[in-house]
Amino acid sequence: EPEVTQTPSHQVTQMGQEVILRCVPISNHLYFYWYRQILGQKVEFLVSFYNNEISEKSEIFDDQFSVERPDGSNFTLKIRSTKLEDSAMYFCATALRGFGEPYEQYFGPGTRLTVT
Amino acid sequence: LAKTTQPISMDSYEGQEVNITCSHNNIATNDYITWYQQFPSQGPRFIIQGYKTKVTNEVASLFIPADRKSSTLSLPRVSLSDTAVYYCLVPISNFGNEKLTFGTGTRLTIIP
Chain A
1 EPEVTQTPSH QVTQMGQEVI LRCVPISNHL YFYWYRQILG QKVEFLVSFY NNEISEKSEI
61 FDDQFSVERP DGSNFTLKIR STKLEDSAMY FCATALRGFG EPYEQYFGPG TRLTVT
Chain B
117 LAKTTQPISM DSYEGQEVNI TCSHNNIATN DYITWYQQFP SQGPRFIIQG YKTKVTNEVA
177 SLFIPADRKS STLSLPRVSL SDTAVYYCLV PISNFGNEKL TFGTGTRLTI IP
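Protein sequence lines, in the order shown, are assigned to chains A and B. Here the numbering used here is used: position 105 in the first sequence is 105, and no number is missing along the way. Each position in the second sequence, counted from 1, maps to that position plus 116 in the numbering used here.
Some clues are possibly wrong.
No farther apart than 27 Å at their CA atoms in a straight line, the calculated lysine-lysine pairs in the DSS-like style are these [stated by the list, open to error]:
| no. | chain 1 | residue 1 | chain 2 | residue 2 |
| --- | --- | --- | --- | --- |
| 1 | A | K42 | B | K170 |
| 2 | A | K83 | B | K215 |
| 3 | A | K42 | B | K168 |
| 4 | B | K215 | A | K42 |
| 5 | A | K42 | B | K119 |
| 6 | B | K185 | A | K57 |
| 7 | B | K215 | A | K78 |
| 8 | B | K185 | A | K42 |
| 9 | A | K57 | B | K119 |
| 10 | A | K57 | B | K215 |
For each label pair, taking beta carbons as the anchor points, the in silico distance ranges come out as [to be verified]:
| no. | chain 1 | residue 1 | chain 2 | residue 2 | range |
| --- | --- | --- | --- | --- | --- |
| 11 | B | T225 | A | T114 | 26 to 32 Å |
| 12 | A | R97 | B | K170 | 20 to 26 Å |
| 13 | B | T225 | A | M15 | 33 to 39 Å |
| 14 | A | K78 | B | S157 | 20 to 26 Å |
| 15 | B | M126 | A | K78 | 36 to 42 Å |
| 16 | B | I227 | A | G16 | 44 to 50 Å |
Here chain B is said to cover these stretches of chain A; the calculated rule only asks that three of the stretch's residues, wherever they fall, bring their Cβ under 8 Å from a Cβ of chain B [stated by the list, open to error]:
| no. | stretch |
| --- | --- |
| 17 | 33–45 |
| 18 | 104–111 |
Since the hints were derived computationally from the structure, they do not count as laboratory data. We put the CB at the ideal spot given by N, CA and C, even for glycine.
With these hints in hand, go ahead and build the complete structure from the sequences.
What follows is the structure, encoded as structure tokens:
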């Protein structure tokens, strides 16, 4: 069964540093998402991405965050200047279809980001 | 503020049917309701998706009333391996914008 993969599995960084989280989507999927989950809390939507641009973003996704598909395959989430409260598990998800049609989002295993 | 709420936790014995309800009073009109299962330290895993009325697949059923302000996931004859956190994922309409919103999550514990 095809899988979404994410690297690294765990990233430790100092406050103020930039981090890039990487996701390899399932090959024929067209819709891409990032979510985060703070330890012990629910999963929170960050951003959706389709046709090389952001479709929707949440209030969490402020100017510190950016997404791109630099080479048409990897889908990345960049946090420019990390804060302690950015510590969380970050999940990438991909889907063949998007809003308004039946679709299933496939989630990757997550990257645990620890900001010290 | 629109909320998507679920019971925090539920316990059930093996072999029982379990029903978990998600309340979403500001759901967007033209998108699907999806339920996911999450085990510790793993990403959410798709269970079932529906738009209205009833949907059934090999693992669960999903009941959605006509007003779509709630949805109920039904797990028939649960086993120990169904112990997990269950989330609804709903498109919520907020001042004309549509945002995917996970419910608060229900921690289901199956008792032998």
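Comparing the hints with the structure gives:
1. K42/A with K170/B: holds (26 Å)
2. K83/A with K215/B: Holds - the C-alpha atoms of K215/B and K83/A are around 24 Å apart, at most 27 Å.
3. K42/A with K168/B: OK: K42/A and K168/B at ~25 Å, within 27 Å.
4. K215/B with K42/A: holds (15 Å)
5. K42/A with K119/B: holds (13 Å)
6. K185/B with K57/A: Status holds; Cα separation ~23 Å.
7. K215/B with K78/A: Holds, at roughly 21 Å.
8. K185/B with K42/A: holds (20 Å)
9. K57/A with K119/B: holds (17 Å)
10. K57/A with K215/B: This hinted pair holds, its Cα atoms lying about 7 Å apart.
11. T225/B with T114/A: 26 to 32 Å: Given about 28 Å between the Cβ atoms, the range holds.
12. R97/A with K170/B: 20 to 26 Å: holds (22 Å)
13. T225/B with M15/A: 33 to 39 Å: holds (37 Å)
14. K78/A with S157/B: 20 to 26 Å: Given about 24 Å between the Cβ atoms, the range holds.
15. M126/B with K78/A: 36 to 42 Å: holds (39 Å)
16. I227/B with G16/A: 44 to 50 Å: For I227/B and G16/A the Cβ distance comes to about 47 Å; the hint holds.
17. 33–45: Answer holds; 6 residues pass the 8 Å Cβ test.
18. 104–111: Answer holds; 7 residues pass the 8 Å Cβ test.
The structure meets every hint from the earlier list without exception.
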